[in-house]
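Engineer: Letter by letter, the chains look like this.
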Amino acid sequence: MAGEKKPGEKAGAEKKPDKKKSGEKIPSEQKAAPKAAGDKKKRVKKHHASRNPVLARGIGRYSRSAMYARKALYKRKYTAPETKIEKKKKEKPRATITKPVGGDKNGGSRVVKIRKMPRYYPTEDVPRKLLSHGKKPFSQHKRRLRASITPGTVLILLTGRHRGKRVVFLKQLGTGLLLVTGPLAVNRVPLRRAHQKFVIATSTKVDISGVKIPKHLTDAYFKKKRLRKPKHQEGEIFDTEKEKYELTEQRKTDQKAVDSQILARIKKVPQLRGYLRSTFCLSNGVYPHKLVF
Amino acid sequence: VFKRFVEIGRVAFISFGPHAGKLVAIVDVIDQNRALVDGPCSGVRRQAMPFKCMQLTDFVLKFPHSARQKCVRLAWQKENINEKWAATRWAKKIKAREKKAKMTDFDRYKVMKAKRMRNRIIKHEMKKLQKMASKKGKKPEKSEKPEKAPKPGK
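Top line first, the protein sequences correspond to chains A and B. The numbering of the first sequence is this note's numbering, which starts it at 1 and goes up by one. The numbering of the second sequence is this note's numbering, which starts it at 1 and goes up by one.
Note that these hints are calculated values from the structure, not bench results. C-beta: ideal position from N, C-alpha, C; glycine also. Do not rely on the hints blindly, as some may be mistaken.
Unchecked claim - Just the calculated beta-carbon pair ranges, DEER-fashion:
| # | chain 1 | residue 1 | chain 2 | residue 2 | range |
| --- | --- | --- | --- | --- | --- |
| 1 | A | 271 | B | 74 | 48 to 56 Å |
| 2 | A | 149 | B | 17 | 32 to 40 Å |
| 3 | B | 102 | A | 133 | 28 to 36 Å |
Can you make the complete structure from the sequences, with help from the hints?
Structural biologist: Okay, here's the thing in structure tokens:
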């Protein structure tokens with residue numbers, strides 16, 4: 001209760017707020033004066049004590065506007081100096097662009113607006129949505145990685161065309177998928193993405209400490225490409241242009257670059273190459289929940 | 001019919017319960033189902049234990065009934081039960097089973113390769129012996145036939 005608090009405590013609580021706030025809202029330190037004197041005299045002169053006497057805790061004698069006058073803030077208006085970079089950066093975005101006139105009235109040029117007015121206004125405005133919090137888009141989600149999966153771990157792929165194959169884990173990509181390689185020479189699995197959930201992590205690890213993975217191997221590099229610009233020709237609507245996957249030279253060079261480093265390390269471990277060549281399978285009497293991977 | 005008996009000093013192997021896998025010595029019999037048991041060198045405190053969870057081993061120690069732990073320990077160390085136990089087939093089988101359960105995927109692959117190689121060698125030798133045996137069988141057959149005919153005739 002307020003009555004119970006000692007006056008000494010009150011004073012102590014009030015002295016806590018920052019020096020900079022002195023005189024503004026809360027009546028604060030009276031110790032400001034001697035403290036500033038201790039500072040460099042060159043810099044700032046002694047700070048004045050609070051010009052707003054306290055009536056009760058949190059309540060000053062003078063109003064905001066009265067304080068403005070008392071502190072002579074009308075004389076003290078500061079702006080930050082404009083740096084050279086800011087001066088240079090004052091380029092406004094282009095509003096219009098000039099394009100050549102083509103077609104019938106060829107020749108000459110016309111001016112076209114870049115940001116056009118909307119061509120449609122709905123009759124009813126969209127109602128305001130309620131605020132929600134914590135609903136992030138996929139790009140901002142937190143990516144987790146199982147503790148058993150570290151760079152160099154041998155993984156067993158469970159789905160996809162390479163199911164059952166044992167593969168070396170390289171790193172986790174931005175979307176959370178795992179970058180994985182056969183290596184190609186060993187089991188025909190190229191640099192590929194794999195999903196963490198559809199993979200068994202074994203306890204066998206290859207030492208990949210010095211291996212340098214090219215930085216351009218990201219999700220965008222591996223994403224499936226889809227071309228769709230039929231130009232309104234109704235002939236064969238369902239004929240997608242890139243049905244067959246074509247191997248590019250860049251993929252080959254990247255594969256070579258990574259695999260050469262990894263193969264050297266695989267050869268050091270006896271029987272590892274044969275292990276990676278084999279596939280995982282279950283047989284009678286083998287129960288996955290009882291196996292130690 | 002029965003070779004191992006519950007007696008004072010019998011070393012038993014605990015098969016289930018909180019002390020599963022440890023060896024104890026029977027110090028005294030409490031009633032039909034329980035015994036006073038002590039395992040100073042195997043980390044089992046002196047306690048009552050039902051016979052059901054004990055499996056008798058071949059080892060017997062010499063100490064009087066209700067002997068205190070110190071005596072049991074001395075007898076145990078004198079007989080060197082821990083080493084003797086580790087040398088028995090029983091203990092070795094247990095160890096092998098544990099190892100097998102701990103095998104990783106890579107280990108299983110290596111075992112498979114080793115087994116295959118071994119079996120191939122064995123098969124190879126077998127085939128060799130079989131071949132030799134069949135050859136031996138054939139040769140004396142050819143030479144015996146003309147011999148056999150006159151022999152029974154004699």
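Engineer: Starting from the range 28 to 36 Å, see whether the pair residue 102 of chain B and residue 133 of chain A falls in it by beta-carbon distance.
Structural biologist: violated (48 Å)
Engineer: If you check the beta carbons of residue 271 of chain A and residue 74 of chain B, does the distance land in 48 to 56 Å?
Structural biologist: holds (49 Å)
Engineer: Is the distance from the Cβ of residue 149 of chain A to the Cβ of residue 17 of chain B consistent with 32 to 40 Å?
Structural biologist: holds (38 Å)
Violation of the numbered hints given earlier is confined to hint 3; every other hint is satisfied by the structure.
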